[in-house]
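Undergrad: Residues per chain, in single letters:
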Amino acid sequence: MNILVFTKRVAATQEEELRITGEGQAVDLSKVPFKVNDWDNYSVEEAVRIVDKSGGSVTAISIGDAESDEVLRRAIAMGAKDGFLVETGDILNDPFTRGELIRSFIDKEKVPFDIILTGVQSEDDQFGAVGGVLAGLMGLPYASMVIGIDAVEKDHVIIRRELEGGLQEKVKVATPCVLSIQSGINEPRYVSIMGIRKASKVERKVFKADGYEKGSPKIELVKWVYPEKKGGATMLDGELADVCGQLLGILKEKGVYQ
Amino acid sequence: MLEQAATRVLTCIQCGKCTGSCPESGRTPFNVRMLVRKKQFQSAVDEALPWYCTSCGACTIRCPRDVKPSEVVIELRAKLVEDGDIPVALQKALENTFVQKNPWGRSRNKRADWAQKLDFEVPHVSETESKRLLFVCCIQAYDPRCMVIPVNVARLFKAGGLEFGILGEQEACCGNEIRRIGEAGLFEELEEENKAAFEEYGVKEIVALSPHCMNALKKEYGDTGIKVVHYTELLAPLVEEGAIKLPGSFGKKVIYHDPCFLGKQNGVFDEPRSILSAVPGLTLLEFSRAREVSLCCEGGGGRMFFEVEATYQRNAEVRVLDAVDKGAEIIATACPFCVMTLEDPATEKGLAVKELSEILTEVL
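Here the protein sequences line up with chains A and B, keeping their order. Letter by letter, the first sequence follows residues 2 to 259 in the numbering used here. Letter by letter, the second sequence follows residues 29 to 392 in the numbering used here.
Just so you know, these hints were derived from the structure itself, not from any lab. Each hint should be verified, as a subset may be incorrect.
[What the hints assert, rightly or not] Facing chain B, a subset of chain A residues (Cβ under 8 Å, in silico):
{"no.": "1", "residue": "16"}
{"no.": "2", "residue": "188"}
{"no.": "3", "residue": "190"}
{"no.": "4", "residue": "194"}
{"no.": "5", "residue": "195"}
We put the beta carbon where it would ideally sit given N, CA and C, even for glycine.
Produce the complete structure using the sequences and hints provided.
TA: What follows is the structure, encoded as C-alpha cells:
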C-alpha cells in the first residue's frame, strides 16, 4: 500500500496577538514561530501505522517554501520513507490552486499511490477544502472527517467518519482514494530532535512548483480585517444577594432562565 | 554525561543507598537500584517506571561508587523519547518547548510581560554596564502564581542598587527539566541558543531565579566563563550588610524548605536562611529533614508536567504535615516548582506557602 500524505508548515498563532500590516494586505508573522499543521501530524502518524501493519511505503509531500523541509524531516523521523517538497514562491491560499498543483505534480511525476491522506484542514487558512478539491480534480473517491481506519484491503478501505451528535458513519471506500484525517484519530508519537537529525540524512527531493499547472485561483484575498468589536461585559455591583437577584433578572429578561 | 552513566553502571555493587535515599522508593513502584541492575544486564524495564523519578539527585549524591543512578534514569527515559513512546503530557511539554521555547507553549513574545508590573524599566542586558543577566526562565515568565517572583526580585535588586538586565523574548528555556525528561537533542538546541545570546551580549554574570535554571546554567552548559548564581546568593550579603533595608515586620513562624536543586545538588543552604533570619519579627523554624536530607517536593525531573499512575500520599503533603507539627504558619522556599507543589496541600491545612522574595517584599 503506497500512501501519499500531505504535511504543511504553519504559523503557531494560537498564543499570539496577531497584527495586520498596512491597509490589510498581510498579517505580520515575523515574530511567530512555525510548526507542523496539527491535522497533518495525525495524518502522517496514521499513514505510518497503516504501512507498519499492511506493508508498503509512506511518501510525505509538502507544498510551500524551502523552510517547509522541516516538516518533511519530521515526517521521515516518524516513519515516512520519502519526502517531496513542491517549492512555491507565492503563498497559495486558494484550495483550488493547491489542489490543481498537487494533481498536476502527481500526474507529471507519476507518483504511485493507493491512498492520499490530507488533514481535514490547515491551522492557517482553515478552508478544509484541499482534500475534497483534489479528489474532485483527480476523479477519486473521497471521505472527509475520517476518525478511524478499520480495515485496509487490496481494493478498498473501511473507514469511520465523525458526524454531529456523537455518531460515526462507517464507509467502504474503493481505492485509490483521498481521505481527510480528523485530529484525534490516533495519538501521534513524539518526534525527538535526535530523530529529526537522523532524518536529515535522508534525501528530500525538491520540485519547483513552476513546472506544474496551478490553474487560476477561484477566490481572491481582498483584505485582512479584525473582527468587529462587540459590547463589553456588564459588571454587577452590590452585596451577593443583590447581585444574584440582578443576575436572575437579566437571565429571565434574555430568556435564558424561565 | 549520558555516556558516562552508561559505563559507570557496571561498577554498581547494589548496596541500595540509592533506593534508601529515594523519595519515591517504597511509596511507588519505582526502585532505582533495580533499574540500575536491569541496566547492567540490559534487561527490559517497564516503561512507566522511569517517569516516577523526580531528579532530586539524592541517589547520585549518596552513591559510594559514583554510578550516578539519576543519570541512568535519564538514559532510560532518553530511549523512550527516541522511540516516541512517552506520556502525552510530557510530549506536549517537549513540543511546546521546541516551538515556543517554554514547556507551557505560551508565546515567546510575551516572555517579558511580567516586567509590565514594575514601575521602572528593566533594560536589556546589552544596555547594562555590569552585563549582569537576570535569567527569568519559563515558570516565572508565564505562570500567574510565579510571575510575582521576578517582579519582587527586580524590586529588591533596585533597592539594593544592583544593576541588572534581561534577555526578554531572546531568552529560551534553560532545558534543565528537558534534559531530565531525556530529550538530549532539544536540551542541546536550547543550550546553544542561550549560549549564543550570552556571547552576543557579553554577559558576565547570570542570576537565576529558579534553582533548576541555576543548575543547568552552572553545571550543564559547559565552561562558559560566566559566573552563575541563585538570586539568594546575591541578596544574602546585601540584606546582611543592610544595603537592602527591611523596615517592616513579619511576625510569623516560618519554616524553610530546601529545594533539591538549590540545596542538596548545589550546596546553597545558608543564604536563604540568612535572608530569612534578617527579616524583623520572623521566627525561623527547621524541618527535621532539612538541608542535605530535605524531602523532595516531587516537582522536578518533568514531574511538574504530568501525573504518575500510582496513587499515594504525596511528599508535598508529608512536608506540609511536618510543617504543621513544627508549629509553622508559613512554609518558605526559594524554588517556583516547590511553591507550586506545596501550595495546594498547605492551603488545605491552613498554611501559606511563600517564595522567599515574597516575604522580603512584604517588609521592604
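Undergrad: If a hint holds in the structure, say so; if it does not, say that too.
TA: Against the structure, the hints:
Hint status for residue 16 of chain A: holds, given a least beta-carbon distance of 4 Å to chain B, under 8 Å. Restraint check, residue 188 of chain A versus chain B: the minimum CB separation of about 6 Å is within 8 Å; hint holds. The beta carbon of residue 190 of chain A comes within 3 Å of a beta carbon in chain B, closer than 8 Å, and the hint placing it at the interface holds. Against a cut-off of 8 Å between C-beta atoms, the interface hint on residue 194 of chain A holds, since the closest Cβ of chain B lies about 3 Å away.
The closest approach between the C-beta of residue 195 of chain A and any C-beta of chain B is roughly 4 Å, which is under the 8 Å cut-off, so the hint is satisfied.
Violation of the numbered hints given earlier is absent; every hint is satisfied by the structure.
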